[in-house]
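Undergrad: Knowing the structure of chain U, use the given hints to seat chain F on it.
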Amino acid sequence: MKGKTVKQFVVAVRVLLVFTVVLGIAYPLAMTGLAQVLFPGNANGSIVKVDGKEVASDLIGQQYDGPQWFHTRPSAAKYDGKASAASQYGPNNADLLKLVNERREQIAKLEGVDPAQVPPDAVTASGSGLDPAISPAYAALQVDRVARERGLSVADVQKLVQANTHGRVLGFLGEPYVNVVTLNAALA
Amino acid sequence: MSDTAAGLLQVGFLIGCLAVVYRPLGGYMARVYTSHRDLKVESGFYRLFGVDSKADQTWAVYARSLLAFSAISLLVLYLLQRLQHWLPLSLGLPNVESGLAFNTAASFVANTNWQSYSPEATMGHLVQFAGLAVQNFLSAAVGMTVAIALIRGFARAKTDRLGNFWVDLTRTVLRVLLPIAVIGTLALVAMGVVQNFSGGHEVTSVVGQSQTIPGGPVASQEVIKELGTNGGGFYNANSAHPFENPNALANLFEIFLLLLIPVSLTRTFGLMVGDKRQGYAILGVMTTLWAAFTFAATAFETQGAGTATQAAGAAMEGKETRFGEWASALFASSTTGTSTGAVNSAHDSFTPLGGGTALFHMMLGEVTPGGTGSGLYGMLVLAVLTVFVAGLMVGRTPEYLKKKITAREMKLVSLYILTTPTVVLVGASIAMGLATARASIFNTDSPHGFSEVLYAFTSAGNNNGSAFGGISANIPFYNTALGLAMLLGRFVPIILVLALAGSLAKQQPVPVTQGTLPTHKALFVVMLIGVVLIVTGLTYFPALTLGPLAEGL
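These protein sequences, in sequence, are chains U and F. Take the first sequence: its position 34, counted from the start at 1, is 34 in our numbering, and no numbers get skipped. Take the second sequence: its position 90, counted from the start at 1, is 90 in our numbering, and no numbers get skipped.
Calculated from the structure, these hints are not laboratory results. Watch out, some of these pointers could steer you wrong.
Said to hold, decoys possible - Straight-line Cα separation of at most 25 Å, DSS-like style, residue types lysine-lysine; simulated pairs: (1) F:506 <-> F:158; (2) F:506 <-> F:404; (3) F:506 <-> F:54; (4) F:521 <-> U:7; (5) U:4 <-> F:54; (6) F:506 <-> F:402; (7) F:506 <-> U:4; (8) U:109 <-> U:78; (9) F:521 <-> F:276.
Just chain F, with the same shape it has in the complex:
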């Protein structure tokens, strides 16, 4: 079979697998979030929490619960790292210093999983599985709760109630994430991923050299790293490490896992707003853009531009033999389109435009199909902007899903859309203005160096977490600036989305008339794609010309 045929089949197989689970999982999640019944174990949990599961919250209380929970999570994760040396299973590693501990805590609580550190040399087993992995579940669940609250904003009428944050959080963890994680862990171990508590195992090779075979509860963490679109690797090399991603089947399974919830959630959305076609339209936009970026990345990688790349004969620097260019580009496009940020190859070593494609994919705002929950709410915000633009064209008050888009909604949408680019571009500008920050650049002999900085802030602001890994980010400036970028890029949009949900829920639905723009048809899909590309493309275009475009064209 030719490389191209195999590569295309690989992409097709992935889409086929997602298509099979789309309806059952999307439907299941819709039932999870609309059911009035608590599971027995959940009732027990609510008693422990001191939560009344029947108490619906206003958007403000929902937001306060979410922020209080995230603040406590941040604090506890910070303390766990600062104290790890004195806690069990530290593997003898010292306490993590304060700047790095803040950056890492912010990173995992904000569902970003940017890693300024090399895990093998920094985090003991306890921090990994009782701290970081816990946030892999919980930060993903937080994203889901926001998406569900926004869907309720559209689905409900004349109410100021959006549901209960603690209930949505608990159900997400216990009914959605945990069951899939249990099955996924066993599947990954069956494929070769390790799962033990060993601190390392000495072997002596056939040439007499000793080597430490690393250990750790990797599979259980790997699965939620992908499923929760987190991306923080157990090992430094992330999903390029053979113990995290041993073969091409595991590789495909991991890509499947990171796309699974964001894709299926569009079905949940369609069901909950009572019109499945609305979900298909959103999915259509996500799929089209994801496919375009996947094929662009693949084309650039297989062409292999760059002086060093051409000297080598192919873009294999930073790529694993078992994956090659196609499976690496597929992973890269899926991880940057979902805010996962796991990597199975070094993006820094991608061809100029291949790496630039990954960078631009994040800049779309992580909506193709985006992170768990965050992808859907991000895309719905852009859908609101699209009906607004369409409304301006024909001079009608815009509506989306029978809700009027008024000045209040548009203010929230505009703030949402401005937040991340501001964080990214201001952050990158400050970094380029500081000599200490510029000194962290690794590839200094081309515009690639600027790309490393731009990539870092894009990744942090959009909560992706992948990196042009050459940059030495473990210095006080980056630990602080990127930590703040991750928190702002995560929680400011969340507050705005919840406010939007609250505002929508209060409205009385307007009847659909002849003049209503149908938001389930091809015309709307095309317009939404245009808005996604133009809004982000224009914002970031000047920055892109200084980095990947200058290097690649």
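So here's chain U without its partners, still in its complex pose:
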């Protein structure tokens, strides 16, 4: 009985050792090798370049202060790539309520619109704190300001927004969005 139990532990150590080599070392190495050969761009973070310089990943949001840029959503992580996070505020949290109202006022003032026109994604923090996207409604709200600040025509800016707008995948998966990172890279 005792001997048998000890034997099970010996087997257990061997099994874990062998599978650690297979699943913990060989598998991720082989997958990384294959991914680097087949999809190097994606595997390395879909890096966006402007004038040859790496400015962002097109999947990771950034903060763009200044009226000449399209703005991303509020972020609980302040767009720190090493600290993804959501706010974790509950739906009835008084602090969140205050933040939402403040953001709504600020954005309405900045864009010169009625506060009721500010869409939900503009006043809420994302799940990752790194959301690169905003709703088409929030992008549309910012077009006039960006065009004015950059001395561009509204039509030209709208065209850029259009080029960086993604519909639902296959027409029905997820939500339509505008990628702010690639949009601002196109403006830069």
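TA: Positioned in the frame of chain U, the structure of chain F alone reads:
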């Protein structure tokens, strides 16, 4: 297309994809677990292990092997974290402190993947891929072995042998999980998930700010995180992180992966007990409940209750723009119904009843369709309870799949059903009684705070791993209490299920008569749904009234 039409199509598309693979994968798994032939590579492995693959084990030996393996896994994972600073690829991170290391080791070995830590700031690459990801495979495989042993208990007669744990484990890894993981990894990278060994990559944005673009072997870990219903994120934001879940297609693929094995295993079950209709009945129960919870969560999220939610105009706090409410609610319901616990949005910020739906879904005991293996054995235990209840109604000795349900079986079933609620409710009560534990609550200004604590223990006891993430769980009390809850919630039921399997296998099958309750028909499906809801609903109802119901109604 309207939001509702697109959302419904999204759910329909997911069900369609699962329907396509249901038969081939279910049939393939049945062959894997009934084949008498070892692959060449497997024979080599068995020689290395010192295992005789032809030696069938009794339930007690099967259980001892499983427990010995899990104990060693726990120890090694603990040590890897405690020593990471001195090992390669630590990214300069310090050794993990003992309470957190215990909690994390328990969490990944128990297929829970509760995370009290922020991965980016705590775990180096080596711990992630040589420790945590290895357990993502192995803990899932352990769950599968238990389900297979229980199926054999029903399928076999007059024997005390249930198969060989090491063989079932090895076959699960090499023939089921690994091949799907390899294909899935490449698919995810093609969709945009990263796969590298970089410790981070500095860029300077167009406004002149520097940002670190994180790296890591994410795709290879992401795929098994979903496929093995584990749920532990490579990054803190889990599947909300754009590098884990870059777009709505990847999102759907990840939901597909976490449902894939639990759903298909009902086919394996039907084939192995020699009556496919039994598998359909179980699948029918799982699907009905999953669909009900999915639509409930979606309805609550799109309605957007809550003062802050209404001020914002929609429940977008904690949700990603590319997913929105429908894809977030679909993910939430699937992850809480499968014991996965990955999240693509912050459940803490869901509407009161939307978050409450996720919480209640876990409380069903992770059977809709449940974790890899654990979902099936959990549902079969409830099926045994259902035939027992039905037997009481008509005064007959209950039978399930031609096996008599006697006092011994019912004792094991009753203990199984009592274990998790006891762990959850006692744990949450103790936490609410301790000032230090209450201090960890983040949303203190409403019943939501209690929901955070209840969610934590429900998640741990049911081996889910998702969280109302506001709670600061990285304190000695929660690390210890939740660690124990995960181990008890995982291994006590496993021992009981294996004992049940052993007891069933010994029996001589009884012939089906006029008086036998058919367990493949709609009547049984409805009764089983009722038992799932009533048994868990009544157990947890008082606790739910103090949390999500108090906040939402």
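Undergrad: All hints, please: hold or fail.
TA: Hints versus structure:
1. For the hint linking residue 506 (chain F) to residue 158 (chain F), the alpha-carbon distance of about 4 Å falls within 25 Å, and the restraint holds.
2. Of the pairs offered as hints, the one joining residue 506 (chain F) and residue 404 (chain F) holds, with about 11 Å between alpha carbons and a cut-off of 25 Å not exceeded.
3. For the given pair, residue 506 (chain F) sits about 20 Å from residue 54 (chain F) by alpha-carbon distance, which is consistent with the 25 Å threshold.
4. A threshold of 25 Å between alpha carbons decides the hint, and for residue 521 (chain F) with residue 7 (chain U) the separation of about 46 Å lies outside it, so the pair is violated.
5. For a cut-off of 25 Å, the pair hint linking residue 4 (chain U) to residue 54 (chain F) stands: about 17 Å separates their Cα positions.
6. A C-alpha spacing of about 12 Å is found between residue 506 (chain F) and residue 402 (chain F), which places the hinted pair at or below 25 Å, so the restraint holds.
7. For the hint pairing residue 506 (chain F) with residue 4 (chain U), the CA-to-CA distance comes to about 23 Å; that is within 25 Å, so the pair holds.
8. The straight-line distance between the Cα atoms of residue 109 (chain U) and residue 78 (chain U) is roughly 22 Å, inside the 25 Å bound, and the hint therefore holds.
9. Our distance criterion of 25 Å between C-alpha atoms is met by residue 521 (chain F) and residue 276 (chain F), whose separation comes to about 12 Å.
Hint violations for this structure: number 4 only, all remaining hints satisfied.
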